[in-house]
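Colleague: Assemble chain B onto chain A, guided by the hints.
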Amino acid sequence: MRAQYAWRSLALAGLLAFVGLSIILQMIRIQTSPEAETFRERVATHAVADTTYYPERGLIYDRNGHLLAGNKTVYEIDVELKNVKEPNALAKAVGTELGLNPDDLYNLMVKPPNNLPYIVIGHYVDEDKALALKQLTGQTDEQTPTSEQSSLSGLVFTPHPQRSYPEGALASNVIGFVSNDGHGYFGIEEKYNDLLAGTPIQVKVPVDPNKAADIPQIPNGTTLILTLNRDLQAATEQILDDSLTKYGAKSGTIVIMDPRNGEILAMASTPRMDLNQFLDYSAIYHNASEYNPAVSMPYEPGSVMKILTMAAALDNHTVTPATTFFDTGVYRIGGVTIRNWNGQAWGLQDMLGCIQNSLNVCMAWIASQMGSQNFYGYMNRFGIGHETGIDLADEAAGRLKVPGDTDWYPADLGTNAFGQGVAATPIQIMMAASAIANNSRMVIPHVLYAMVRDGRQFNVPAQYAGSPISTNTAQVLDQMLENSLQNEASLALIPNYKMAGKTGTAQIPVDGGYDPTLTNASFIGWGPVDDPRFMIYVWLEQPSTSIWGSETAAPVFAQAAQKAILLLDVPPDNIRSQVAMP
Amino acid sequence: MIRTIHVIHYAYKQAPWRIQRQWISSFLLIVLGLAMIAALYLDVSARAALTGRDIQDLSANIIAIQQSNADLETRIAELTSNQAMEKRAQALNYQPVQANQVQFIIVPGYIAPQPANLVAAPLLQPSAPTIRPEFTQSLLDWFDQRLRTPISVSTLGISQ
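These protein sequence lines map, in sequence, to chains A and B.
Under my numbering, residue 582 is the last one in the first sequence; the count climbs by one each step, no gaps.
Under my numbering, residue 160 is the last one in the second sequence; the count climbs by one each step, no gaps.
Hints were generated in silico from the structure; no laboratory data involved.
Positions of the beta carbon are idealized from the N, C-alpha and C atoms, including for glycine.
Where hints are given, some of them may not hold.
A few chain A residues facing chain B, derived, Cβ under 8 Å [as the list claims (entries may be wrong)]: (1) Y61; (2) L67; (3) N71; (4) K85; (5) Q457; (6) V579.
For reference, chain A alone in the conformation it holds in the complex (with noise of 0.2 Å):
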C-alpha cells in the first residue's frame, strides 16, 4: 500500500518537474530565439524618450548693469474636453480672470474645431493672471467632494519662459525683439541670436519612472552687456521726442558715442516701439530701415560732409588752412553749377571761412583740386560706401558713386563734397569723424561691451579701422572745427567746454531732382575738443519751423551734449586742465 502511493508521489513530482523543465526550457528557447532580438530592439526604441532640453535664453544688460532684455514665466492654458463638467461655468471663469468672451469660450468648448480633443485658450498668458486662475480652480476643487468632478475641471497649465524688456520701448531700435518661435529679430537680438539662444541639449529620457536619468545642467544662452547707458539712452530718446514736435520733424535720430574707443553710448530713433508689444511691429514700421534708421537708413547728409572734403584736402596738401578762395557765388564742374546755400557769393575766404559758412562753391573747388581719384580714395578710407562692421543687424552700406560707375557724372565730384548725391547713415559719417576728433584713428563703432558665458566675463575690446588722415591734419582739422563754432556762435555751443562741429542742410532727392522745401537737418559733434568724451550725431528729418540744420538739429545736439556732460560725469575744461596739471 504504502509502495503504492510511492509510486504515485513520485509520477506526480515527475510530471511537475517535466511541467517545470518545460517551462524553463520554454523561456529559455523564447529568450534565444531570432524573434528575442527583434523584441529586444523594439523596447529599447520604447524604453527611452528623444527629449530636448532648451537653454534659458541670455540676458541683455546695459553698461551699468540694468537689465534691458529678461525672461519671464507665462502660461500656456489648456482645457482638456474630456475633463470639463461644466462648460459654461468653467467659460465664466475662464472669461472673468483672463478678459476674454464667456460665450465665445463656451461655443468653443461645446463645438470644437476639426473635433480636437482640447483647446488652447490662452499662448501666452500673464503669471499673475493664470495663478489666480489657478487659485480658483483650486478652491472649487477643495470645495467639490471628491468622488465627483469640479465645475471648473479640464484646465490645464503649462509653464514656459517668454522674452521680456523691462524698459518696455527704452533702446527699442538697438536691442531688437525675439518673436513666439524664439528667434531674434532687428538689432542686438538678430545680430547675436545664435549666442543669446545657446545650444540645445537633445538626451535621451527613460520612460520607466523609477528609473533616475540625470536631467542635464544646460549652460544657459550667453549673457551680453551693452555698451549704452540707459539713462543717457532715456535722456536722449526724450530729446529727440521734444526736438520733433519742437521743430516740426517727421522722425530724428540721435546717435551718441565715445569716439575714442567706438563704443555706442545711446542710439535713439523714432518711431520706437515697445518691445513687450512686438506684434505692433508691422503697424509701426513700413520696411525694415525704418526700425533703426541710424544703421539702415542712407540719407543724402549734407554739409557735414564738408569736415570729409576738408579733411581729405589738408592731408593731401591740395590746401592749408590759410589758403584763400575767392567766391564769386558760382561754380561750373561737369556742366553744372554748383551755388551756395544761400545763392551769394562770399567774397575771399580762407579755408575755415569756407568750413564756416559752409560754403558749396569752395567744396566744389576743392574737391576738383584735389581730383577726383585723390577724392574718392579719401572717401574709401573714411568707410563711405561701405558698412562700418557695426554689430547690429541689417546695417546698410549706403552709396557712393565713383568714376567708373555707370551712373557716376563729373558733376558728381563737385556734389558729393559738401554731401549731395552721395548717400552715407549717420554711423557711416560718425565713424569717419572718429578719425578727425581722435587723433586720426578711426574707430569701429560697436555696441557690445562684453560677453558672460560658463561664470566668465569677456569684454571686448576697441577696434579700429586704420588712420586715412595723418595725425596732424586731424588735430588741425579739429582746431578749425572748434574756432568756426565759435566764431559763428553756433547753437550748439554749451558753456565751459570747447566743442568741435559741423552743421548740415541737404535737400531731399526726388524724382529725379531736389525738392527745395524739404530738407535734412543734420549736426555733427563732438567734445571737449582736448580729450572727446562724446560724439553726437544729430539727424532730423524734414523739420518744418525750420529747414536749416544750424537752427533745428544744432541745439539739439547741445542739449544732447549738456546731458552726456552730466551722466558722464565730464567737469568742465577749467576743472579738467586742473587734474591734468601735476
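Modeller: Relative to the frame of chain A, chain B by itself:
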C-alpha cells in the same frame, strides 16, 4: 563475519527520515538564502529608485527656482526701470539737475565708476553628472561593474 559487517553497517546507517530531513533542511537553507538575496536586492533597488526620484524632484525644483529667480529679476528691473524711477523721483519732488547746478571738485585718487562686471559667483559646471551611480544602478549592475573594473594597483596595497 558477514553478519557482523551488516550489523555494523546498519548501526551506522542513518534512518531514512533523518536523511530526508537533511535534504529538506538544505533545500530550505538555499531557499532562505535566495530569499534574503532577493529581499536585499529589492530593498536596495527600491531605495535607489526612491532616492533617484528625489534627486529628480530636487533637480526640477532647481529649475523652477531658477525660473522664479529670472521672473523676480525681471520684476525688479521693471520696478527700477528708468521710467518708474523717474516717476518715483518726481513724486518725491526731485528735479532734474541742470549743467550749471553741478559743481565739480577735485578728489585726489578718485576712480571713476567702471562698467558692470556681472560675474559674481561661479556658475554650475555645464553637463556635469549630478546623480551618482549608487542611485541609478541596480545590484546586478553594481556586480557587473565590479567584475568588469580591473583591479587597481592601489587596491593591492602597492604604491610608490
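Colleague: Take the hints in turn and mark each one as holding or not.
Modeller: We went through each hint and held it up to the structure:
{"no.": "1", "hint": "Y61", "result": "holds, 6 Å"}
{"no.": "2", "hint": "L67", "result": "holds, 4 Å"}
{"no.": "3", "hint": "N71", "result": "holds, 5 Å"}
{"no.": "4", "hint": "K85", "result": "violated, 30 Å"}
{"no.": "5", "hint": "Q457", "result": "holds, 5 Å"}
{"no.": "6", "hint": "V579", "result": "holds, 6 Å"}
Hint 4 alone, counting from the list given before, is not met by this structure.
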